[in-house]
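Peer 1: Listed here are the chains, written in short residue letters.
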Amino acid sequence: MAKKYAGQEFNFVFVYTREAHPGENFPAHQTLEQKLDHARSLQTVLDVQRTILVDDVEGTGHELYGTLPNMTYVIDRGGKVLFRSDWTDPPTIERVLDYILDARKQRREGLRMAPFYSEMVGYRWSDLSKHHEVLERAGPQALSDWEGSQKRGAQQPPRPGRIQI
Amino acid sequence: MATPETAVALYNYEAFMGGESDFMAFRSKLPIGSPAPDFTAVALDSGEKVQLRDYWKDGDVVIEFGSLT
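Going down the list, the protein sequences come from chains A and B. No gaps in the numbering here: position 27 of the first sequence is 27 in this note's numbering, and each next residue is one more. When you read off a place in the second sequence, starting at 1, and then add 1000, the result is the number in this note's numbering.
It cannot be assumed that every hint is accurate.
Over 10 Å on every C-beta distance to chain B, these chain A residues come out as not near it, computed from the model [stated by the list, open to error]: (1) Val45; (2) Thr88; (3) Arg107; (4) Arg159; (5) Gly161; (6) Ile165.
When the alpha-carbon atoms are kept at most 27 Å apart in a straight line, the in silico BS3-like pairs for lysine-lysine are as follows [stated by the list, open to error]: (7) A:Lys3 - B:Lys1057; (8) A:Lys3 - A:Lys151; (9) B:Lys1029 - A:Lys80; (10) A:Lys80 - B:Lys1057; (11) A:Lys4 - A:Lys151.
In case anyone wonders, no lab produced these hints; they're calculated from the structure. No residue lacks a Cβ here, since even glycine has one placed at the ideal position from N, Cα and C.
This is chain A alone, in the form it adopts within the complex:
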C-alpha cells in the first residue's frame, strides 16, 4: 500500500509497541534493547518496508494513542486526526486514502467542498488460521492464554462494543 501511494502526499509509519500475545519466543519487554531486537525480528519476519519507529519500553507513545494492539491513524499535514480505526484493515485504509485524495482533487478542480464529521462501523475478514500462525510464532504460552481468554469471553454477555450492521 505504501508503494501504491508513494508520491501522493502520504508517509507511512509503523510504530512498534508491546507484544500483544507474549510467549516463550517473544516475551514481554523488559528493556529497550530487547524491544529493538523484537522490532528487528518483526521487520524481517513480516517483511515490513515502511519506516519502523520503536516506542519506549514504558509505552509512552502507545498510551497517547489508545494502547490497542493494531490501530491505524491518518494524520494530516497540520497534525490533526483525519481518520482512526481500532483495528487495521488494509482495504478500509485504501478506501480512506482514496477518499481523501478524491476530495482534494475535486476541490482543486473548483468544486465547493464542505467538510462534515462522520463515524462508521467497520468490518474486516478475521482470518483465524493466520491468527493461529501468529500465536504459534509467539510460543505455547500465547496459544494457551488466547484459549483462556476465549473461554472467559464465551461466559460473558454480548460485548457492548460489537455493533452489527
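The hints should help you fit chain B onto chain A, whose structure is shown.
Peer 2: Here is chain B on its own, set in the frame of chain A:
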C-alpha cells in the same frame, strides 16, 4: 506512583487476558479533528531518536501501531 520498573511491567503484560475495556476507551481518546500527540521514538534503521511530528511536517501520515504477535 508507580516506579519505572512497575510502569514497564504494567504496560508490558506477561500474559494476554483479552477484554473490551481498551476498545471502548479508544472511542473517546482522540476524536477526528483533534491534534495528534507527539512523542519520541527510536527509528529502527538509524537507531536515532525521532519525533513523530516530523512525519506529518511535509504531508499526511498513515500510522499503524502493532507488534509481531
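Peer 1: Are the hints correct? Go through all of them and say.
Peer 2: The hints, checked one at a time:
no., hint, verdict
1, Val45, "violated (6 Å)"
2, Thr88, "violated (5 Å)"
3, Arg107, "holds (15 Å)"
4, Arg159, "violated (5 Å)"
5, Gly161, "violated (5 Å)"
6, Ile165, "holds (17 Å)"
7, A:Lys3 - B:Lys1057, "holds (20 Å)"
8, A:Lys3 - A:Lys151, "violated (41 Å)"
9, B:Lys1029 - A:Lys80, "holds (13 Å)"
10, A:Lys80 - B:Lys1057, "holds (11 Å)"
11, A:Lys4 - A:Lys151, "violated (41 Å)"
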